[in-house]
Amino acid sequence: MGNETVLSDIPTLRRRARQNIEEGAVTKGYAADREVVITLLNEALATELVCVLRYKRHFFMAKGIHSDPVKAEFLEHANEEMAHADRLAKRIVELGGEPNFSPDGLSSRSHAEYVEGDTLNSMIKENLIAERIAIESYREMVAYLAENDPTTQRMLKEILTSEEEHADDLVSLLEGMETRKKMAGSD
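Oh and the sequence shown: position 72 is 72 in UniProt numbering, straight run, nothing missing.
Rather than coming from a laboratory, the hints here were simulated on the basis of the structure. Because the structure is a prediction, the values reported are computed rather than measured. Even for Gly, the Cβ is constructed at its ideal location relative to N, Cα and C. You may find that some hints are simply not true.
[Unchecked claim] Derived CB-CB ranges, DEER-like:
hint, residue 1, residue 2, range
1, Arg132, Glu158, 34 to 44 Å
2, Glu140, Leu13, 25 to 35 Å
3, Pro69, Glu147, 34 to 44 Å
4, Glu165, Arg14, 36 to 46 Å
5, Arg18, Tyr114, 38 to 48 Å
6, Phe60, Ser8, 21 to 31 Å
7, Glu175, Asp9, 56 to 66 Å
8, Ile129, Ser67, 13 to 23 Å
9, Leu174, Tyr114, 45 to 55 Å
10, Ile10, Glu140, 20 to 30 Å
[Said to hold, decoys possible] Within a straight-line C-alpha distance of at most 20 Å, the following computed SDA-like cross-link-like pairs (lysine to any residue) qualify:
hint, residue 1, residue 2
11, Lys28, Lys125
12, Lys63, Leu75
13, Lys125, Ala89
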């Protein structure tokens with residue numbers, strides 16, 4: 001029997017909801033260290049913002065005969081990373097924190113680096129490296145939260161799924177570039 005969940009009666013739920021109402025969505029049952037979670041989410045926010053900036057630069061700087069599908073992917077990813085940033089910022093506020101959008105120190109707060117790249121291949125590879133960093137970061141945050149903050153954990157799992165899809169997209173782009181290179185060499 002060991003791990004049984006105890007359900008509160010209605011009067012108890014109502015009484016507890018009236019306590020510390022200024023804390024909003026964070027109730028007495030919130031088990032995570034809120035300050036640590038807010039710090040982690042702000043680091044994830046910085047990572048997403050750096051990724052948006054890198055993808056946007058790559059979108060505008062990509063050139064060459066095969067650049068159009070790559071540029072389209074970069075723009076799509078930039079928009080999705082911005083949506084992730086918005087979700088993270090919203091959750092930070094829900095937890096009583098302040099999302100850190102300050103450009104000062106943005107790159108030092110980010111897990112991923114901002115690397116410009118000068119060819120389509122290097123741009124794709126740098127974005128893939130950043131996605132792999134994000135994947136590892138989100139996996140660690142999901143594990144850290146365990147059951148202490150199921151709402152944040154669920155959100156991070158959803159973002160993680162998106163980051164994994166981005167990595168797969170980028171691998172496909174790299175493979176396509178290699179195939180085109182081989183075909184061009186056989187002519």
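- Query: Is the hinted range of 38 to 48 Å satisfied by the C-beta distance from Arg18 to Tyr114?
  - Reply: holds (47 Å)
- So does Leu174 sit 45 to 55 Å from Tyr114, Cβ to Cβ? violated (20 Å)
- Query: Quick one: are Arg132 and Glu158 within 34 to 44 Å, going by C-beta?
  - Reply: This hint is violated: roughly 18 Å between Cβ atoms.
- Is the straight-line distance between the alpha-carbon of Lys63 and that of Leu75 20 Å or less? The hint holds at about 14 Å.
- Is it true that Ile10 and Glu140 lie within 20 to 30 Å of each other by Cβ? violated (39 Å)
- Message: Against the range 13 to 23 Å, how does the distance between the Cβ atoms of Ile129 and Ser67 compare: consistent or not?
- Response: This hint holds: roughly 20 Å between Cβ atoms.
- Does the hinted range 36 to 46 Å hold for Glu165 and Arg14 at CB? holds (42 Å)
- Query: Hey, Lys28 versus Lys125, does the alpha-carbon distance stay inside 20 Å?
  - Reply: With a Cα-Cα distance of about 45 Å, the restraint between Lys28 and Lys125 is violated, given a limit of 20 Å.
- Beta-carbon spacing of Glu140 to Leu13 - inside the hinted bounds 25 to 35 Å or not: Cβ of Glu140 to Cβ of Leu13: about 33 Å, so the range 25 to 35 Å holds.
- Query: For the pair Phe60 and Ser8, does the Cβ-Cβ distance stay inside 21 to 31 Å?
  - Reply: violated (55 Å)
- Query: At the C-beta level, are Glu175 and Asp9 separated by a distance inside 56 to 66 Å?
  - Reply: Holds, at about 59 Å.
- Is 34 to 44 Å right for how far apart the beta carbons of Pro69 and Glu147 are? Between Pro69 and Glu147, where Cβ atoms are some 42 Å apart, the hint holds.
Going down the numbered hints, you'll see the structure goes against 1, 6, 9, 10, 11 and 13, while the others check out.
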